[in-house]
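A.B. asks: These are the residues of each chain, in order.
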Amino acid sequence: MNAYLSVSVLIAFNGLLLTIPVIPAIVELYRKSDAQPLLVIQKHGGEIRHFSEGFRKYIDELKPTLKECRRSGATARGRLKDNAEYFVMGKPSATSLREVRKHDGDCSTVIVAGGDFETPGISNFSKEIYVQGNFQGGNFNHYRAILGEKDVELGAYSSVARWIHAVGVFSASYHCALSGRVSSDSAIKLKRKCTFLRLNAPRIQLGASSIELPQNDPAVPDSGKSSVALKRYLYDQDFEVQAGQIFHGNIVTRGKLRVHQGARIFGSLKSNKQMVLEKGVLVTGSVISASQLYIGPGCCIHGPIIAEHALHIDIGVRLGTPAKLATVSSPKILAKEGVVVFGSLWAREYGEVADKA
Amino acid sequence: MIYGLYIIVGLICIYTFRHYWFTLNRLFGFQRHPYIDIDTADWPPVTILVAAHNEEKVISNALDALMAVNYPHEKMLVIPVNDRSKDRTREIIDDFVEKFPGRIRPFHRVSGKAGKAAALKDAMELVETEVILIFDADYIPGAGLVKQLVAPFFDPEVGGVMGRVVPMNVGANLLTRLLDLERSGGYQVDQQARMNLRLVPQHGGTVAGVRMSALHEIGGWNDTSLTEDTDLTYRLLLHGWKTAYQNRSECYEEVPETWPVRIKQIMRWAKGHNQAMLTYSFHLLFGRHRATLRERIDGTLLLGVYVMAPLTLLGWLLALGVFYQGVVPLHGIVALLAFTSYAAVGNLAAFFEIAAAARLDGTFGRICLLPFLILGFAVSTFSVTRAAISLVTDAITGAEFHWDKTERFRTTT
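Chains as they are written, first to last, in this note's numbering: chain A, 99 to 455; chain B, 28 to 440.
Read the hints as simulated data drawn from the structure, not as lab findings.
Being a predicted model, the structure only gives us computed values, none of them experimental.
It is possible that part of the hints are untrue.
Claimed, not checked - Computed list of lysine-lysine pairs in BS3-like fashion (alpha-carbon distance at most 30 Å, straight line):
| no. | chain 1 | residue 1 | chain 2 | residue 2 |
| --- | --- | --- | --- | --- |
| 1 | A | Lys-371 | A | Lys-422 |
| 2 | A | Lys-130 | A | Lys-155 |
| 3 | B | Lys-102 | A | Lys-329 |
| 4 | A | Lys-291 | A | Lys-155 |
| 5 | A | Lys-200 | A | Lys-179 |
| 6 | B | Lys-102 | A | Lys-422 |
| 7 | A | Lys-130 | B | Lys-102 |
| 8 | A | Lys-329 | B | Lys-148 |
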């Protein structure tokens with residue numbers, strides 16, 4: 099082989115080696131298999147009711163059937179547009195349900211109930227349920243999703259995988275596991291040992307409603323000024339607000355923050371480490387902790403509450419107000435009985451209604 | 028010469044480490060999205076400034092989208108800041124004012140200093156709210172975006188907020204696809220990692236917000252800066268205010284579709300950023316202020332990103348010089364090992380970061396384009412170097428900074 103040929107072969111070979119990694123790039127450039135913009139949700143704001151509203155539209159085609167079944171008291175079966183099986187009950191009853199519920203308790207049909215609906219226990223509803231009346235679930239049931247036009251009540255030890263929305267009151271008995279989103283246009287009531295992730299309602303009652311502590315929530319004059327607009331006091335170290343002290347403004351600490359018993363903060367609080375609010379503290383703005391947050395018995399906070407690591411809420415706490423709904427968010431939330439939240443309660447990883455002890 | 032080379036190599040290694048640290052944090056670390064869950068609140072009044080200079084191609088899309096957002100109408104006022112436009116921008120804005128009475132208050136600026144910061148500064152006369160959001164006219168916010176950008180202001184430590192920018196004209200050509208990858212790396216990995224690690228997320232000046240009292244405290248908009256966003260980030264930091272980055276608060280933007288427009292854009296960014304570096308780096312690193320130690324270090328490194336391009340070019344020249352001088356750095360074998368290690372790991376850092384970002388975004392095909400990023404980096408390196416030289420010559424000749432508006436490519440209005 100002569101020298102020129104050798105060099106040419108060497109250059110061609112190296113050129114080929116350099117080209118190899120570029121071949122997929124050239125192919126992708128011309129084929130444009132992944133050239134769409136990233137999906138950014140434009141049409142909705144991630145509202146908790148998004149799925150239930152979507153489901154309502156999904157079963158819209160069943161309205162005439164449901165109307166007819168309600169009038170005649172009959173049942174109807176068929177398939178929806180996406181080929182999912184449905185079962186409509188004009189006058190819901192355990193007897194009617196037997197048509198689609200297997201002996202082992204499995205029910206894999208979309209259920210549409212035209213009135214009050216009571217389910218037997220130890221059942222697994224792997225498709226959505228729509229109820230025009232009140233819904234009462236048996237114990238030890240598993241649900242995928244429920245949309246109720248009136249009250250929805252789950253029996254003890256039940257679980258929900260995706261979502262529940264009740265136009266009326268939603269309540270869950272002891273030891274229920276609410277893994278998805280639960281919302282109500284009226285109120286949510288969870289009994290002891292219920293676990294939850296995302297709850298939203300004008301009023302969320304955790305545990306027994308009989309626990310009422312005297313609230314440090316006197317008639318707070320509304321200055322009309324949002325706490326967002328108040329003066330900031332920044333402390334580079336730990337900081338404590340003394341018992342009974344009244345503080346006007348927003349407090350920011352780089353260290354820990356402790357607010358002693360009965361103090362009143364007309365503003366917001368932020369700590370970059372642990373924050374403790376002792377018994378009966380009032381905060382009219384938001385409370386943000388970059389670490390753990392403990393809210394003592396009978397505290398009252400009007401604005402959003404965020405704990406980046408964990409949140410412990412003691413008995414008798416009020417978060418938000420009926421007039422100013424708020425969001426409470428943390429990866430882990432442990433709330434004792436008697437806590438009331440007005441707005442949203444979001445535990446990203448785990449939330450539980452604990453014993454009052 | 029050899030010691031200069033050592034310093035440059037050292038700096039490159041620091042930035043390499045930083046790339047890996049950020050990427051690994053995004054892939055395996057604790058992710059901070061503290062404010063994204065706030066969906067229910069007593070929302071504060073907000074003013075939305077829409078910066079517009081000859082934006083007839085895009086302004087109606089932005090205003091349409093803003094009128095459809097999910098925020099209490101009585102608490103939201105949109106101020107289109109029409110900065111000396113010579114096209115139909117004014118006419119389009121006035122049509123919207125008529126169509127949505129009480130919800131849009133136009134600010135038609137007919138004279139004054141050029142530049143976005145100067146226009147925003149003048150528009151502040153109309154702002155009465157504590158929370159201000161800023162969008163460029165080519166951005167299209169989604170229904171939930173305003174609430175998401177306002178939510179961090181419930182944290183009294185937050186002075187600024189930044190959302191994520193997502194290119195919408197990705198498929199136009201090679202440049203837009205490369206810019207899409209760069210944006211993905213910059214936001215999905217860089218910005219979010221800085222948020223996770225409590226470092227210095229950067230205020231981008233659009234899809235962004237600022238607290239009025241913080242802005243007053245730091246002296247308002249700096250209209251002498253070419254990048255008012257970088258300038259704002261550092262002044263907030265020095266006064267103890269945090270900038271929060273909301274990775275899930277995404278907004279579509281239009282990226283440049285031609286290389287000359289891209290080169291102009293990156294040169295302006297580089298000039299402005301380097302201007303901020305000269306102004307703030309020494310004080311940030313050594314001065315008495317409220318920034319933490321990790322913010323001082325990261326903030327300084329962030330200020331230095333646009334200096335690395337000319338330094339890299341200088342490093343190549345020095346390496347050539349050292350080679351022809353016959354100097355054997357670090358006793359030969361050590362240098363060879365170091366060079367090999369860097370070639371194997373260091374050069375991949377930026378690519379690793381972008382590939383990780385694409386993976387986090389759930390996209391796969393576009394990762395194939397990574398080899399072409401060398402082209403984008405080469406263009407950026409030379410453009411940024413040109414900008415750095417221009418900054419020096421401007422300082423010597425006393426030339427004033429010139430504001431170049433980024434050209435739009437959208438064809439529908």
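A.B. asks: I'd like to know which numbered hints this structure contradicts. Please list them from smallest to largest.
C.D. replies: Failing hints, ascending: 2, 4 and 7.
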